[in-house]
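Once you've looked at the hints, go ahead and assemble the two chains, each given alone in its own frame, into the complex.
As they're listed, the protein sequences go chains A and B. Counting with the numbering used here, you get residues 1 to 530 for the letters of the first sequence. Counting with the numbering used here, you get residues 1 to 242 for the letters of the second sequence.
Source of the hints: derived by calculation from the structure; they are not laboratory data. Do not take every clue at face value.
Some chain A residues close to chain B (C-beta under 7 Å, calculated; not the full set) [claimed, not checked]: (1) Leu-164; (2) Pro-168; (3) Glu-186; (4) Ile-190; (5) Ile-311; (6) Leu-360.
Backbone N, C-alpha and C define an ideal beta-carbon position, used for all residues, glycine too.
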Amino acid sequence: MIALRVDLTPRLDQIPMNFQNRQPLGPRRDLTAGACAFAIAGIAINAVRPDDSVSTVPLLLDLAVSLWATIWVGAFAAISIGSVNPGVRGLFGSDTRLFEQDPPSGPSSFRSGKRVWGFAILLALICVAEWGTHGGARNGFLASSRPEAGMEDWTAADGYATVLDGHPAQGDGLFLLNLVGLFTAERPAISGEFDRRAGHVWLASLLHRPFGSYWAFALVNLAGWYASAIGVWWLGRRRWPQTWTGELAALMVATGQGFIFMSTAPQAHPAAFGAFVIGLMVFDHLNLWSVVQTRREQWAAILGSAWMTGIAGLLYFGHIPLLLTTWIFGGPRMRVQPLLAVSAGALAIVTAWQVVGENLLGLRFSGGNNDLAGGAIRIWLRIISEGAWSLRWQFHAGSIRGLLVGAFYYPWWILAIIGIFASPRRSRTWALCILAGTLLPAIAFAPQFRLPRAAYFAFPAVYLLAGAALYMISQAIATRFATRSDHWRTAAGLVACAVVIAGLATLTNLDLTGDQTFNVWFHEAQGNSW
Amino acid sequence: MSAGIAALTLAVALTDTPWETAVARGFFVVSIGFGLIAGTGLIGARTQFATAFVVLTLAVAQRLPGQAVSNPPSPNWTRTIADTNQVAEHRFSLAEAAWKNALSNSANTSLLVCAEAVLDQPDAMTVTVATSNGTLTRLIGAEHAYGAHPRPDRGGFYRIPIQRELFDRVEEATVTVSASTTRTPPLRLCGTHSIRPGVDPNASRFFSGTEWVAPPGPTSHTRWLIELRLADKDGRTILAWY
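With the rest of the complex left out, here is chain B (with noise of 0.2 Å):
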């Protein structure tokens, strides 16, 4: 009886299925499946009879209509900031619990903004952060690179620090980051998917010199690599915030 329902679990995993997904999935009910029938079959009939029968069961629904394979979004993408007409920005909502808490016990504030290719110049990119407050503009350069840089062409964190008193009670901050105008080649700003519950979707935008657009990516849930960082007074990152 388990024999046949091994044979008929081969039968349904092969059946009308493109030959690579036949070749895989013949592959491991084979090896896996029926080795797994053949194993249990020491510890009784009864329990060999129950372990084809799962088998089989799986191998249906591996079949049925359902959940198709899909792709999440990218948790690393780039954008090229041609001119300096072209601005990145992300708002930050600071009215949360999380935040006000950790910026109580921070010591230190930064913003950390991730850019691709090589930042060897001093004011490679212009960073505005603007809450009510106050405004800070900055220039990021090579001097500003955090972290780690695997190669000097790929992305990462460049980190600048900022004053604690802008964030002293305000509810919101606004950061933009647009190109030098001195910058050759073009700036290539990092992207990444917006996970946290409770962040606005639309947190980021791009403004590509004539109109505000989201940012590429997936059409939701993305947003710019541009992040608070507060740490305590050991320089330990105490919140990562978006």
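The following block holds chain A by itself, in its conformation from the complex (with noise of 0.2 Å):
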């Protein structure tokens, strides 16, 4: 970093805005919090007597990185959200932006119309191409469920798959098609393991008629899997501006291991994914962080995010993650009461879903999947209730490193780690607000199951923090090896990103060669083995 920056020093007028005005790393609540932590691990490492989470170098590292991660997000979203309360927010020092719009805008990377439809274009090819090729049988989901990944002993040759339409798909399709049937009027209401998720069942079942169950779930995932790519990509564009942040970023979405893995698989997953996304592009766009607006200007904000937060818990539960990302990151710079209020709206609106299926579909909401997040909670007081060697012992057998590296493969921590030094502060410290909202949810369900499936909403902070970082690099390369004209510092720059992003599809597509590997960590997370 410190040898960037010296060759980077001679041509600061060459570099774009955002990178000239590097600041001190990260608020102080991001470095307190970071501070709790590496003193919290320390005392859990050394104080609770040894056992074997402890007894080898890589499984004490593991348990230290599981540790500082946890309560990192613990203690920063505890500091953020606490600051809706003076006292807390005094404690961090008064936020001299509280006033200014947020995010920075700027202009674009691309300055051509036609380049801009150029590149959305090639978004919509790769995502598609990624799709097709990730498809039926290849699908990861279902490949990673075979005997031969290793992972499950239970499963038949097929894996836990189902045949929609004849094709084969994963297993859960099943149990989707009652509530397909109900939208389409060919089944009444039958209560099944996915009540919650509705919303995602009832876009399927507008697809239902003319392309099939098979098809019209893969049609939603795609949906949402270019709605992800464009709308990082927009978020790239407005928070890091004049910068390829926000394209390579939507290149990462574009062959990102949490959409590959889903692919076709019958599954919300990609539709909250990208509800997520266009919730915090409706959060920027309405300016909901914003004190500076008209009453009615406010209003529309609060309406607009709680509308979009709701929707997105009709698909899945992409509400907690937005809920938890709106309090953190507003919480040190909003008033309390619109937070309140968006809350209120977005679980106005996922209660209202549960009371009209309730009383008058006689859904139950329960069983299965519906009460796996209530089933996580009695673990963690049981668990805590034991101790705090009981507690520590959560940390090794559900490591929490190897839940977070299962989602993002090392490469893209990596680059993101290097983002956050790259970004302007307030765009890091969005980033770091939305990296803390989404991973508190997949850490807290962890002792019920470690997915790094939930913490694949973490990809708009990770894949941007990671872009940044990319850009910054490709400069430097730039400005080192090409020195003639802009134009060849353009093509050099743009050489080097495109090596490392084809670098990071290829581990993405290392399935189509057969080998599951990351399909299997993004499965069920990647244990104790680094």
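Here is the structure:
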């Protein structure tokens, strides 16, 4: 990092605005949470009686990272949300940018409308290509459940599968058909495991008549995938203006592990990922974070944000990371009333479906996947009641590091960490708040199931930070090796970015060679192995 | 204009539908559909109009005659094998390159049979594996339980190792399963769907005591849950075959 700064210093005028204005690392909330995490993780490792979790260096490091990440996420979220209280907010100094518009806005990297459309088409082509090559029996969710993947010992040769319209599909699709039948007026209301996700099934039911079950679910996934790519691009252009951060992050979404894993699986995740990104876009577009608004604008922001958050909750549990992100980012910079109003509105929408479903349709909203969140809370309470040793052991048995690496493999995390340093302060803070807001539910759920697909809601933050890092590195390379003209520098930067993006895409497409390692990790986390 | 299209969308969704469907559709047309239309109004009137038109088109498409919701073949059915005259049979095609490649790379071979109900006897069922290289007959019971058995009375795999030589250069193998003479209560054998392309849809069959018939479940693409597993020297499964 230091070397890069030295190389860039003489050419500051050629470096986009964002990267000239570096400030000391992180706002104090980040650092305070980090210091808390170091202290508590250190105590947990040293003061609790030794066991197998600290018996070897790799296991010790795994435990340390798991503890640090969990405590940082928890402390950062607690400090940020607590900052709605003026007393707590005062502890961390007043936010001088409170009355500035957030996010910063500036011109995009593309100055030509044709290039914007060209890039949008390129994203569409990549999404369709990835979606098409990872469908049917090659779907990662399905393939990683086969005995050859080594993850399950109860599945038959075809894995956890069902057959939709003659196509092999991930097995949960079987349990969605009654709801599809309800929406297409072919079946009465029959309660099932996915009553809470009925919004996703409604979307699929709109396409069912012309395309059938398999393609209806697959097309909804594709729509969520593309919406996510476009949304991350938009967010990147808005929050990292004058750079290629948004474009690079959008390419990472189009070739992203989580979307490739889901591809054509009849699952709500891609739609929920899309809803999550659109939620972030709505917050920004409506300037939810800004207190410099007319009353009318503020109500529009609250209602729009509450509505989008509620919709994310009708598709999957997307309202939880959205609400957490809202509170964590909004806590230090907003009044508490708008935050409460957004939360109440969103929960009202989610609850309204449950009230309608239970009372008018006889759906039970219980059993199976409906009850898993409550189960996770009960497990945490039991673990905590058993004492410090049991609590620390949980971070070994349910390695949070393994969960995070299952969702995003090391190269993305390394780039994202570099991106924290490479990003302007407000963009960095925003991304860290998304990280905390999305990882907190996944970590909280970990004692029940370690689900990288829940942690994958962090993809806008991880990919945008990684994109910022990649852009900075590419500019450093371009500046060093191509000094003749702007065109040469741009070309050199593009080549550097393309090489890295192609390398990352090769990793996420490794399953096409028959190697299901990344799909298996995405399915059930990495465990304690590095 | 967009408001009119939104109202028309709701009318299309609700008209002449069973009340349960009308309630469910109505909720999501209003919450998601109307929300989308209203939300895209922030971008511009043309975008809002286009969104409203798309939502209306989808609502119309939902009502068009087209593909019905059909249940897929059951992935998990059982058949009671009530007496010793009844036989479940599955024929494995071993001529495919995938099998031959995996066999050449494998260190051990085994047969998995899924059965339901408590297999608490050492000789609950009799399994015979026949190829052109010979025949292997084994009794399977509780000691052969393999993998997850979430409940004692639920289905689970039973595994027997098989000498690899039985499969060397053979094109086909036939496995039969029958209840042992001493078994009580009756054996319940698991079945599932047959997905893999190229597998004979009639590879599984059932001898009822008087005649050979197709196993229960869907009329085609159904099979007994009897599989061959090839593993490497570390015990990692490299091929599951049926």
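Hint-by-hint comparison with the structure:
no., hint, in the structure
1, Leu-164, "holds, 6 Å"
2, Pro-168, "holds, 5 Å"
3, Glu-186, "holds, 5 Å"
4, Ile-190, "violated, 10 Å"
5, Ile-311, "holds, 6 Å"
6, Leu-360, "holds, 5 Å"
The structure shown violates just one earlier hint, number 4.
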